[in-house]
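Chains A and B are the protein sequences, given in the same order. Position one of the first sequence corresponds to residue 384 (the working numbering), numbered consecutively onward. Position one of the second sequence corresponds to residue 384 (the working numbering), numbered consecutively onward.
Please note that a few of the clues may not be correct.
[Unchecked claim] Pair by pair, the computed Cβ-Cβ distance ranges are:
id, chain 1, residue 1, chain 2, residue 2, range
1, B, K485, A, A727, 28 to 36 Å
2, B, G477, A, D563, 28 to 36 Å
3, A, D563, B, D437, 24 to 32 Å
4, B, G477, A, E614, 55 to 63 Å
5, B, E614, A, V732, 52 to 60 Å
6, B, G477, A, K620, 22 to 30 Å
7, A, K620, B, N562, 42 to 50 Å
8, B, P728, A, E432, 43 to 51 Å
9, B, K607, A, L475, 38 to 46 Å
10, B, N574, A, D634, 29 to 37 Å
11, A, D445, B, P728, 41 to 49 Å
12, B, A712, A, L671, 37 to 45 Å
13, A, R613, B, D487, 38 to 46 Å
The hints are simulated quantities; they were obtained by calculation from the structure and are not laboratory data. Just so it is clear, CB atoms sit at the ideal spot from N, CA and C, and this is done for glycine as well.
Protein chains: 2
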Amino acid sequence: MIRGNVMVGQSGGPTSVINASLVGVFKTAKDEGCKTVYGMRNGIEGLLEERYIDISDYIKNDLDIELLKRTPSSFLGTCRYKLPAAAKAPELYGRIFEILKKLDVEYFFYIGGNDSMDTIMQLSEFGRSIGSDIRFMGVPKTIDNDLDKTDHTPGYGSASKYIATAMKEIIRDAKTYPNDSVTVVEVMGRNAGWLTASSSLSRSEDCMGPDLIYLPEVTFDHNKFVEQIREAKRREKAVIVAVSEGIKTRDGKYVCEANKKSNITDAFGHKLLGGTALYLSDFLTDNLGVKSRGIVLSTLQRCASHLVSRRDITEAFMAGADAVRAALAGESGKMIVFKRISNAPYSIVTDIMDIREVANKEKCVPKEWIVNDGTYVSEEFDVYARPLIIGELSPFMVDGLPRHLFIDK
Amino acid sequence: MIRGNVMVGQSGGPTSVINASLVGVFKTAKDEGCKTVYGMRNGIEGLLEERYIDISDYIKNDLDIELLKRTPSSFLGTCRYKLPAAAKAPELYGRIFEILKKLDVEYFFYIGGNDSMDTIMQLSEFGRSIGSDIRFMGVPKTIDNDLDKTDHTPGYGSASKYIATAMKEIIRDAKTYPNDSVTVVEVMGRNAGWLTASSSLSRSEDCMGPDLIYLPEVTFDHNKFVEQIREAKRREKAVIVAVSEGIKTRDGKYVCEANKKSNITDAFGHKLLGGTALYLSDFLTDNLGVKSRGIVLSTLQRCASHLVSRRDITEAFMAGADAVRAALAGESGKMIVFKRISNAPYSIVTDIMDIREVANKEKCVPKEWIVNDGTYVSEEFDVYARPLIIGELSPFMVDGLPRHLFIDK
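Just chain A, same shape as in the assembly (with noise of 0.2 Å):
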């Protein structure tokens, strides 16, 4: 069956993953009989330039799409671009939609976070509008898991795994010295603490795991900081805490403003965060003259393909097939989500969801999973998290590192 073309974009910050979810567009699309899939190159912004590529170029083989799961950030490029409303900029949407007429695009897939999907949103609704028959599909993506109405996101359960891989060395490397000391490892998340409870999957036969950890549910307390600081140091030489980069004060203001000159804010007007980790090292320092050092994750949380969980994998690409599968049933303006079935042996399934019970939205960790006065997650959060950080995917060693496909331009 010979069907129409698809044009498929990337969104937001990139994951480890995102191109699984990419592969999984391209090569179901292609199974079913659609003829040409389209990328936009940085997203929904490149696609008003109309800067786009013919996928097939690019993958001409299986061996491409096993070397494009193992390809971190965003093959085709991203933006963080906000369509504003419709009402207020319908030539804008009036471009786009000339230009996808002009493609005989009929499937337009964008993979992405909570941003991203509203513009899966506008978009859906605007061609609805104007009596438009092209579907719009959501793939979720996202590292922080805070898309609501999803078990979770693909890319949290591979950035889960990086982040406890590094916490289990991080701590061995801390407790290897005699002396006395604070490690402060900050962890990504500016509202919702997934990642950091991550840094608990360190705790197994071999490892402790880190002894306090602070999420952003948890309005943050210098004083208590330091008293729980000073209670763990009588039992450890060598203590780690790990922190969310957003974790707040009772006024509301981030932690790290203490430390920052300026205030930037990105596209869509969130505050850009960091240095936590090492104003509170310092800040302990001063208050208990303790040797304290900070360890910021950074941007490897999200891109460090070399260590994924193939779990993830695996199904960040079922999302991008399935919203294929979806879309050419006839649907448009809804976002795959996965719904849990057990979770030993694991299992979920996925489904679809009104795109407007999902855009911006926030799904936080649950307050009766933050337990030990906020310091700590619960056995209900490890139920919950182990299972997404299984299996691995060695990747193509080439020359003693990894290798990943990418775009010449």
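Knowing the structure of chain A, use the given hints to seat chain B on it.
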């Protein structure tokens, strides 16, 4: 043949392969008939407190050996303890030899960097002065690669592989955005730029590598830096810069000192560094108005055992094994060194070197390997370093995380 007992210790900053050297000492000593192989906890500092283990209590079979090779950081614990000169503290030296005599130790091995080799030098000289038969051998270890008289040091290859891999992933992450940006990646290395130079190894068929590399061997000039970034921005939207934490300005001050509240020093009198990348990224935003991000690779450079160089692991084992063979042959006051026989095919042999030739000396990147007005390294560096990152050793994954061998204290 039955031989006397062995004492082995690990000192200074840990690496991903320091335990492979420990395994090399242990296995070879046992194979050669040594009775007990003791491991001092936290190096010479722990020995003075009579804290040691019988390593056979922990390595019981070949699986344990393989697991220990895959365990980062110093299995026995480490220290940064500097032995005073024997003339100033004869009772301390008397104490050490008394403990060694009590345990029937005939062979003493210390795995460490240039500061630790000073310990071997002092002990072997004191031993000679009191007519002791104990043999003292140094096993080289440092990610910094700054030991003199050896082609390279165990630990450097794996740290380089981690840095080059992380750089590839960071570059891919940074270049996925359509916006102008500068990413400043801070690499370890106080006075020697070997590790920072390794960021250039990320350059391969699928990666351009960093645009600029700043080593501590070159005096850092803020004005030149701004000009060089401005120039790079003409060619690339997303500019990537690798900087050593130890870069200094003309007045001999570390660049990161501008950002520091205090100047803490460690037991060897070295200033604690850090903050260079964040300082420089703020500096660029202020001076060029460009979005800039600082990334610090931090301690993962020395403890990310989930990604090691197979060649480095093999050579680290060999350094430990050959130190034992040399000691059994009667050598003392020496360190194992590597001599390169050829680059293609890569081939090295070990040799022994008088410890006085090595201790307290630092080897820097040769001036003639630093090119582009001090902003890159030459092809000669590539030929030298690339063979060191070849090959992988898969971690033993349990429930999605690398497993480590540990001492249940």
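For each hint, the structure was consulted:
no.	hint	verdict
1	B:K485 to A:A727: 28 to 36 Å	53 Å, violated
2	B:G477 to A:D563: 28 to 36 Å	29 Å, holds
3	A:D563 to B:D437: 24 to 32 Å	28 Å, holds
4	B:G477 to A:E614: 55 to 63 Å	41 Å, violated
5	B:E614 to A:V732: 52 to 60 Å	54 Å, holds
6	B:G477 to A:K620: 22 to 30 Å	29 Å, holds
7	A:K620 to B:N562: 42 to 50 Å	44 Å, holds
8	B:P728 to A:E432: 43 to 51 Å	49 Å, holds
9	B:K607 to A:L475: 38 to 46 Å	43 Å, holds
10	B:N574 to A:D634: 29 to 37 Å	44 Å, violated
11	A:D445 to B:P728: 41 to 49 Å	32 Å, violated
12	B:A712 to A:L671: 37 to 45 Å	51 Å, violated
13	A:R613 to B:D487: 38 to 46 Å	44 Å, holds
Checked against the numbered hints above, the structure violates hints 1, 4, 10, 11 and 12; every other hint is satisfied.
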